[in-house]
Amino acid sequence: MARQLRLMETFVELADSLIEDFDVIDLLQRLSTRCVELLDVSAAGILLIDPHGDLHAVAASDENTRLLELFSLQHDQGPCVDAYRSGKGRVNIDLTDPDTTEPWARFAVAARESGYRVTHALPLRVRDRIVGALNLFTTTETYLSEEETALAQAMADIATIAVLQQRTLNDHQNENAQLQNALNTRIVIEQAKGILAERWYTGVDQAFTGLRAYARAHQLRITDLSHAVIDGRLDTMLIPRPAGVPAAPPVHAPEAASVLDRDGWPTDSITPRPQPYHITHRKPRSGSPREER
Amino acid sequence: MITDPLAAVLTRLHLGQPQDLAAVCAQALGVDGVALSLTVAGRGPEAVWSFSQASAVVEDLQFTLGQGPGPDSARTGAMLTAGDLLADTERWPDLRAAIAEMKLPVRALYCFPLSLGAINVGVLTLARTRPGALLPWQFSDAQALAAALTAWYLGGNGAGLRPEPDSTPPLELNRAEVHQATGMLSVQLGVPLDQALLRLRAHAYAHTRPLRDVAADIVGRRLRLSPDPDTQSAPDHREE
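From first to last, the protein sequence lines are chains A and B.
Each step along the first sequence adds one to the number in our numbering, with nothing skipped, and position 129 is 129.
Each step along the second sequence adds one to the number in our numbering, with nothing skipped, and position 108 is 108.
Check the hints yourself; a few may be wrong.
Just some of the chain B residues that point at chain A, by a computed CB distance under 7 Å [what the hints assert, rightly or not]:
{"#": "1", "residue": "140"}
{"#": "2", "residue": "144"}
{"#": "3", "residue": "180"}
{"#": "4", "residue": "183"}
{"#": "5", "residue": "187"}
{"#": "6", "residue": "207"}
Think of the hints as simulated: they come from the structure by calculation, not from any bench.
By construction, the Cβ of each residue, glycine as well, lies at the ideal position given by its N, Cα and C atoms.
With the sequences and hints as input, model every part of the structure.
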């Protein structure tokens, strides 16, 4: 019963997001997180196809480099490539079974090293075309039931709709243009992660955590925020460092930087500063079921 | 994924034979005109090459008026299509008026940005004398061509920065760690993203290492590049 309630909440939340001028990467990330909750899996990610026919991860339930690397290994091999090529989903793949994993041993080894036992891959379908895949992992030997498999495919279908529903400047709602836009948006976020990681002298994972937390706290689209970071419209000192990122100076920086940041702000400062006025703030989502973890 | 004629075009590009590229592209893509405009050194996009006189004039008009799918695409990094310029009364009224007045045989424009994340190097525009949408194969071929040209010009070609043909396939460019390293380098070197990526690729090229390996070293802080590329005497490689 509790699960049905969560399921309903999830669909309401996602449907609600689709009506707004939503950020595709942010929505796909929420969807990945919900997959983990609803399907009781350990990790989820969404991959999209590029014009060359290669898969790229654009969102994940847990944005750590190790998991992203696991998705990125599947640009040319792995269960997601199979799902993309065949158009058929495949669930309950035992990663410890050498016969099963033989066609993509490199991926299977990496997945096992990350602690995963079982994986599932479901295609993102639009009519007769496949535009990507939803990839799920579990660390325990648990399998999806038939009902759960149907739910997983429903989540994959929502992901497809989200990608194809983005509001772009296009008069034609061209699928390729939408796909390309989602992929390019992800690149913008990666570039912004690099900038923040260097400014904070931290890892890219923590940079992403800080970026997302700021975007959510200020009702910004993570894409807009990333653009603002990149072209310098936003003073990155405004973005609080996530917990665990020391306000320590970069090792290579001169002594002075132990007190002041390169922008001249105290490195430990979290004093509220004027809001950036260049970025359009979204209106708060009404009745959002709950806070993102 | 791409058609054979376009594969031949891309091979020519890789071999560093971009002569008559516009005409060859137009033929491979099955359109009446092709124009490429590039953003060079902070200036607005400027036409670099084009095929068909009409296409060249429309390209010039767009960037002179600052109006049209080309400038919009270059500015936003989004693909834009104008399936029927004459019927489209809402957008770009001045461009439409100019095309009508000059009786230019251009009825539809399809613009593909040359972009990599927040880096925009220009825009590829296809033109047709008849209205309508591109066929799926034309669309995916044009996308592939735009990706290849992006990789080409981000290697410094065309801008006169580096004469040798760039061999980095577009796929290699499209890696998370490459984009992260680009962002990090732009801070380390105090330069825009496109120049940071240029440095990254130049380093990989000079050390004959895969781009993604160099990028991974930057992200993993095993490698820092010195701010001035001309100070080659200074060690470019520092272990920490």
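In rising order, the numbers of the hints this structure does not comply with: Of the numbered hints, just 6 does not hold.
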